[in-house]
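**Q** Chains as they are written, first to last, in our numbering: chain A, 51 to 361; chain B, 147 to 428; chain C, 450 to 989; chain D, 18 to 553.
It cannot be assumed that every hint is accurate.
Cross-link-like lysine-lysine pairs, in silico, BS3-like; alpha carbons within 25 Å at most [claimed, not checked]: (1) A/Lys130 with C/Lys601; (2) D/Lys418 with D/Lys462; (3) D/Lys522 with D/Lys462; (4) D/Lys319 with D/Lys462; (5) A/Lys97 with C/Lys601; (6) C/Lys668 with C/Lys693.
If you're looking for bench data, these hints aren't it; they were derived computationally from the structure.
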Amino acid sequence: MLRFILGRLLQAIPVLLVVITVTFFLVHSVPGGPFDADRAVGPAVMKALNSYYRLDLPLWQQYLHYLGDLASGDLGPSFKYPGRSVGEMIAAGLPATAELGFYALLVALGIGISSGVIAALRPNTAQDYIPMGLAMIGICMPAFLLGPLLVLVFGINLEWVPVSGWGGMPGDKVLPSLTLGAGYAAYVARLSRGGMLEVLSQDYMRTARAKGLAPWQIVLKHGLRGGLIPVVAFLGPAFAGLLTGSFVVETLFQIPGLGRFYVEAAFNRDYTMIMGTTILFAAAIIVFNLAADVLASALDPRLRQSRGGGQ
Amino acid sequence: MSRGLWRDSWRRLRRNRPALLGAGLLLLMVLLALLTPWIAPFGYEQQNLVLGATPPSPSHWLGTDVLGRDMLTRILYGGRLSLAVGFIATALALIIGVTYGAVAGFIGGAVDALMMRLVDILYALPIMIFIILLMVLFGRSLLLLFLAIGAVEWMTMARIVRAQVQSLRQQEFVEAAVAMGLPPERIIARHIIPNTLGPVIIYATLTIPSVMLLEAFLSFLGLGVQPPQSSWGLLISQGVETMEEYPWLLIYPGIALATTLFALNFLGDGLRDALDPKSAKD
Amino acid sequence: MKALLFIAPLLLALAACSDYESNVSSGNREGILHWGNGAEPAELDPHIVTGLPEHSLMAALFEGLVAKNPHTLAVEPAVAQSWQVSDDGRVYRFAIRPSARWSNGEPITAEDFRWSWYRALQPGLGNPYAYMFAPIVNASAYASGELTDFSKVGIQVLDTLTLQVTLSNPTPFFLQLLDHYATYPVHRATIEARGAIDERGTRWTRVEHFVGNGPFTLKEWSLNKAIVVAKSLTYWDSDTVKLKQIVFHPIGNIATEERMFRAGQLHYTYDVPTAKIERYRVEQPELLRISPYLGTYFYRINTRLPHLQDIRVRQALSLAVDRESIVSYVTGAGELAAYTITPPGTLAYVAQPIAGFNPDRARAQLAAAGYPNGAGFPVTEILYNSSEAHRKIAVAIQQMWKRELNIDVVLANQDWKVFLAAQTNGDYQLSRASWIGDYVDPNSFLDMWIEGGGNNRTGWSNAEFEHLVLEVAPSAATQAARYDAFRRAETILLQEAPIIVIYTYVSKHLIHPSLRGFPANIMNHPSFKHMSLHRAEPEI
Amino acid sequence: MLLEVNNLTTQFHSRMGVVTAVDDVSFSLDAGQTLAIVGESGSGKSVCCYSLLGLIPQPPGKIAGGSALFEGRDLLAASERELRAIRGGDIAFIFQDPMTSLNPFLTIGEQLLEPLMRHRGINRSMARRRALAVLEEVGIEAQRFSDYPHQFSGGMRQRVMIAMALNVEPKLLIADEPTTALDVTVQAQILDLITSLQLRYGIAVIFISHDLSVVASIADQILVMQEGAVVERGTVEQIFQRPQHAYTRQLLAAIPQGAKTQHRPVAEAAEPLVRVQNLKTYFSAPSGGLLSLLRRPAEPLKAVDGVSFTIARGDIVGLVGESGSGKSTLGRSLLRLLPVTAGSVHFNGLALGALNPAALRTQRRHMQMIFQDPYASLNPRMTVTQTLAEPLLYHALASRKNVDKKVLTLMDEVGLARDSGGKYPHEFSGGQRQRIAIARAIASKPAFIVADEPVSALDVSIQAQILALLLELVAAHGLSMLFISHDLSVVRKLCDRVMVMHRGKIVEQGLTEPLYSSPQAPYTQALLAALPRAPL
């Protein structure tokens with residue numbers, strides 16, 4: 051298993067390198083620089099800024115400088131926030147986004163799997179349509195609609211929970227996690243329903259019934275592990291997607307996360323921040339896809355054999 | 147995809163009530179979208195500043211927005227755009243994704259590893275910058291928006307189709323086709339792809355809503371649809387801002403989007419069952 | 450049944466934590482002001498930052514030689530106890546207040562100011578407001594790098610507490626400049642300990658190093674979460690400061706900010722969503738504050754383009770804009786229709802307004818310019834940066850010109866940076882624009898329309914106009930003569946109409962009744978040291 | 018009397034109307050006795066047993082009548098809760114396909130513990146000791162307790178199923194075709210195991226099968242079922258010596274017996290149609306993409322390890338061996354469906370290895386393949402006509418105009434109804450699907466056919482028809498064929514020459530009758546000894 055993980059990580063290096071290169075030249079080809087401002091900046095000031103940030107060098111030299119700094123772990127200074135380095139800002143934003151993403155996935159899995167399993171027990175009956183319908187709401191109600199709605203009902207009218215912040219006050223993590231999680235619940239519900247339907251038709255489920263086990267034992271103990279394989283495959287890209295997907299929720303609930311950097315950097319032409327967030331996102335995709343595959347082989351012992359695990 | 151398969155699928159689909167309901171609703175939406183220029187009561191830009199936002203009334207069945215424009219017209223035109231984005235971008239994602247996935251899955255080995263690494267790279271590229279660049283280089287056009295969104299969505303489709311093709315490849319009827327001396331491209335086209343339709347349809351019915359919402363997100367940021375044109379996603383995001391003052395600005399586009407997505411969902415399930423001869427119980 | 454199993458715990462969790470206390474109630478009790486500040490500040494170094502969120506922070510953390518009276522915005526003594534101005538109005542001598550202290554207790558000297566302004570003018574530092582020092586002899590030459598010997602710049606230290614500044618021309622509004630944060634003093638030892646004088650990003654503004662001289666000092670700075678400043682004990686006027694702490698909330702989304710205000714998380718909001726204004730005006734007028742603001746919204750016309758070179762065409766376009774209906778129906782926040790570039794109430798300066806909405810004269814002018822009833826007039830594009838507010842105005846004007854002049858206009862919406870680049874390189878036809886005054890004086894709105902000026906971008910210039918603004922006004926003997934020169938210059942500008950002024954900005958905020966001591970003023974300048982919180986007010 | 022079933026009737030209600038799967042079936046069984054229920058697929062033999070314990074899905078299925086007294090209690094009237102107490106406790110089950118009947122995600126140990134803890138209320142550690150003991154009894158080492166099902170061969174898994182069933186010392190064991198999917202040697206071992214355990218614990222056994230010769234050795238009573246009804250019952254001796262019902266006689270006649278009848282002189286042509294020299298096909302252990310180049314390749318799996326033989330024109334050569342012997346890999350390697358590691362294959366004097374892909378594709382016309390699972394080898398989304406038209410059109414053996422006519426002649430040749438051209442594979446029975454596959458194989462007028470276990474998935478009576486069809490086609494078209502099978506009696510009936518394969522090597526080859534009567538290689542002898550002897 052270790053060899054498999056090492057193999058995948060080795061493959062990741064060329065992928066990261068290409069992502070960095072493509073993004074670097076893509077970013078520099080978009081008109082409008084980081085220092086263009088409504089208040090025209092004097093030529094002298096512009097010259098000073100460009101030389102400070104080495105923007106006056108030819109592009110390929112800037113690229114080599116950037117790679118040099120990157121090798122030593124320095125993601126460079128942020129153009130928009132002169133006093134801050136990109137690494138520092140990502141480090142400041144990452145915990146909140148990661149935590150938000152984690153809780154959102156818990157919500158998505160909780161709602162998704164339960165409605166998927168309940169629906170799969172009696173397909174094409176009311177017990178199938180209602181939970182799946184509920185899960186579908188997650189798709190019809192985007193975050194920028196669900197968030198304000200929850201705030202209005204639970205935050206302002208019922209005053210059960212704070213309407214903003216992350217960690218500052220008790221209960222301020224509930225609404226953001228629900229908002230972000232609901233979107234993914236629908237996908238998880240459909241995938242777990244499909245997975246469970248597939249598993250429930252297998253012969254070994256008949257063996258389990260023939261052993262006289264209780265229905266919930268049959269479904270949860272024997273069925274769930276097999277039924278969740280498609281969900282696990284979906285988790286990899288989904289969790290990486292949370293990094294960017296949380297932008298809307300972070301602005302709706304004023305959460306000091308990473309999502310906003312990812313979007314605002316593009317508008318501010320904050321080159322180093324765009325590179326920093328892109329590298330983080332690329333690394334996240336590779337790591338989470340790998341984690342999903344490892345989790346899948348943890349669930350399905352047959353996969354372990356092909357990945358050097360097992361005997 | 148011979149005539150036979152479609153004829154039988156249609157026969158099976160007709161028997162699946164929810165799928166029929168879904169198909170009917172979807173057809174209604176598409177019809178309304180196509181007939182909009184003739185049936186829309188007002189011009190989509192026609193403002194009545196003095197009027198402002200008014201609740202549904204005989205003259206304006208679904209009320210008016212903050213600039214006094216008729217909401218029914220806005221929703222119809224918005225529908226045109228949302229459905230267009232949904233179908234075209236998904237179709238694009240479908241075509242590229244299915245072919246790419248089928249080729250990667252069928253050939254396997256180093257080629258497959260390379261193609262999948264390319265997908266990883268494309269996944270990681272920052273779509274925001276990518277879309278701004280497209281907007282700037284090629285100017286603002288809706289077609290461009292569809293292409294941009296389509297270009298972002300096909301990777302997941304490719305991954306799903308690849309997994310499906312890898313399992314199909316072990317099936318003996320593919321070996322039989324190879325034994326028959328058919329070239330790879332013909333095997334992929336006539337034997338592999340028709341058998342990946344099940345999961346592809348299911349995922350397509352999931353892609354259409356996510357594409358519509360991605361368009362809403364981009365328009366919310368000013369990169370997507372250019373006002374005065376509008377889309378359901380944009381109408382909803384604008385409606386949210388005045389949710390308490392003028393609830394109808396949010397409710398009606400919300401209903402339009404919800405019905406379309408539910409219809410898609412039921413139709414998708416129905417199509418998947420209809421196209422899978424094995425599952426037909428008769 | 451099973452579904453309940455999963456949903457129940459979530460609902461319980463929601464109900465369980467309803468015992469939290471809102472910021473406003475805890476703030477009023479402990480004297481902590483919760484201030485919506487719009488966005489995360491780029492930096493806290495007065496010689497680098499621009500933008501409104503940074504403006505409020507600078508007002509709390511630093512103080513210049515002079516300050517603004519919160520009611521009248523008139524100049525008041527601050528670090529400078531008093532000052533004398535020479536007869537010819539070119540030499541200012543400031544007496545530093547002996548009780549003025551840095552936040553680390555050290556006394557503030559004239560040398561501190563000399564060094565600070567020396568730093569502010571460093572070409573390498575890239576200070577966007579270096580032009581604030583333009584009136585001072587050789588200041589601009591030094592800032593652009595032509596002059597390297599700083600001693601030639603008109604800033605001298607006479608003795609430890611006396612600073613003398615020599616101007617190239619008598620500049621009546623010069624004192625107002627000294628309230629701008631570009632002229633604030635910075636603590637030399639702290640900066641030089643962290644890097645070279647013109648080095649950016651040396652982090653001297655971090656909490657552990659920060660030294661300032663304002664009524665408050667930096668206590669906490671967590672990125673995108675909050676900036677907390679506490680009352681400075683070393684501040685010379687700390688007795689009048691009533692607040693214990695201020696928490697600046699960087700809330701980017703004004704809809705989120707409005708919801709936080711309603712949930713009692715904020716005393717003051719940075720802005721108000723236009724859609725909500727009507728509701729507040731009707732149901733809770735006491736919370737809403739809308740007051741005129743020193744800023745004008747206008748359209749730039751690219752006069753280099755053939756069909757826009759003719760003054761009559763530009764006048765026709767201006768005449769065909771119904772400004773009254775725009776401010777009453779489109780903008781919706783009570784803005785004032787603008788017929789001059791300088792906002793009304795600029796300290797007794799009254800400009801000559803252009804003619805109002807006159808469709809007939811507009812059509813006549815257009816016909817005279819060779820486009821009878823709009824025939825043959827090429828399709829013109831209005832460029833604006835993506836925002837709902839700009840779009841509504843553009844659509845309204847587009848329809849007005851279609852109806853009145855029968856000309857076709859298309860709208861183009863671009864991302865912010867692309868919009869700026871297009872304006873700077875002049876590849877636009879009409880473009881949305883705005884200008885916020887740096888100080889309350891007509892010069893702030895007129896000195897930019899000089900040929901090739903960084904903020905001109907219209908390609909228009911006029912010798913008579915430049916003569917009046919650059920030579921006649923600065924050397925005018927009396928304020929009245931100076932205003933008269935500006936008035937004649939503004940009339941030329943508005944007649945030749947390289948720009949179409951549309952409306953004067955208003956500042957709009959939601960303010961909790963428990964916040965006192967913050968009168969409305971045209972610069973929307975917050976003077977924190979006069980603010981206080983009173984618990985008596987009922988919760989909203 | 019342990020079990021007494023009277024007038025049991027089970028029906029399935031589908032949109033197409035009511036199907037009576039079990040029609041008024043009665044039988045009884047005493048402790049320690051073995052009852053065999055024999056019938057072809059669709060005869061209702063399994064449904065009848067599953068109905069006893071409510072294992073059939075209730076919405077479509079419904080027990081329409083009858084009673085089933087188990088130790089005096091009527092199972093059909095029992096509540097789901099009572100049935101659950103008996104299922105897996107007093108009445109245990111073994112199923113047909115060991116590959117899919119064990120949960121791949123749980124260790125076999127865990128699956129062994131479940132029935133014990135559920136029915137005998139024993140705690141986990143006690144149950145674990147009990148399970149280990151049972152594993153020993155069925156011949157599996159104790160330390161494999163926490164392995165996963167995929168790490169066991171078919172035979173071993175069936176032993177695990179038996180251990181799971183006997184772990185709780187049931188009173189009745191229902192075995193649903195437990196040995197059908199196994200090799201003949203493994204089948205013999207499993208049958209011995211069941212009979213020995215039955216004697217030791219005095220368990221009653223219902224043995225369901227479609228193969229009369231298998232049940233002959235262990236059954237006390239035999240029940241023959243056809244389309245849901247019992248057509249004949251009696252002892253082994255009565256059924257085999259004096260079959261009353263025509264259907265029973267038809268089953269007995271279908272058992273392949275004796276040598277191949279028509280001998281055709283095998284002309285020793287100068288150049289054999291197929292010449293294979295030292296053919297090797299190795300599979301390297303699966304590795305992680307690019308990395309495999311760096312590390313030392315793991316020990317390769319030697320599926321075909323140096324095989325040489327020739328096949329003359331018009332010759333039917335049998336290839337026998339147990340599962341895992343490499344016989345189907347050899348078949349596929351011949352046709353280059355798998356990458357060959359070493360050695361050469363000459364077809365009609367042409368070295369296949371030397372051909373470039375395009376040339377190889379044109380050669381494929383002359384050599385075709387028939388697969389074991391008729392369902393998996395047909396494209397589910399193509400009608401019969403399309404499946405048969407494809408080779409004809411592609412190899413330009415027919416034009417757009419006359420392709421329909423040619424397809425119909427093909428269908429006649431393989432005995433398919435002319436009007437079924439528009440149907441899909443899932444609408445046919447197993448036998449008919451194999452006929453379609455055969456038609457497709459002969460469509461391109463090949464000279465050589467590799468048939469990989471073409472009949473092992475079919476019922477005995479249909480098996481006989483397909484074998485007859487194959488012989489007919491070989492004669493009509495002068496085909497030569499490599500017939501791969503694990504069923505020695507079928508090979509004896511069909512092939513002129515036989516090759517016996519064991520662990521990638523051919524241990525013996527020669528003319529059929531001499532090899533069957535006096536086998537030289539010890540492995541061949543063991544294979545022949547394990548053949549169940551029908552007392553004809």
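**Q** All hints, please: hold or fail.
**A** Status of the hints after comparison with the structure:
no.: 1; hint: A/Lys130 with C/Lys601; verdict: violated, 34 Å
no.: 2; hint: D/Lys418 with D/Lys462; verdict: holds, 19 Å
no.: 3; hint: D/Lys522 with D/Lys462; verdict: violated, 31 Å
no.: 4; hint: D/Lys319 with D/Lys462; verdict: violated, 33 Å
no.: 5; hint: A/Lys97 with C/Lys601; verdict: holds, 24 Å
no.: 6; hint: C/Lys668 with C/Lys693; verdict: holds, 11 Å
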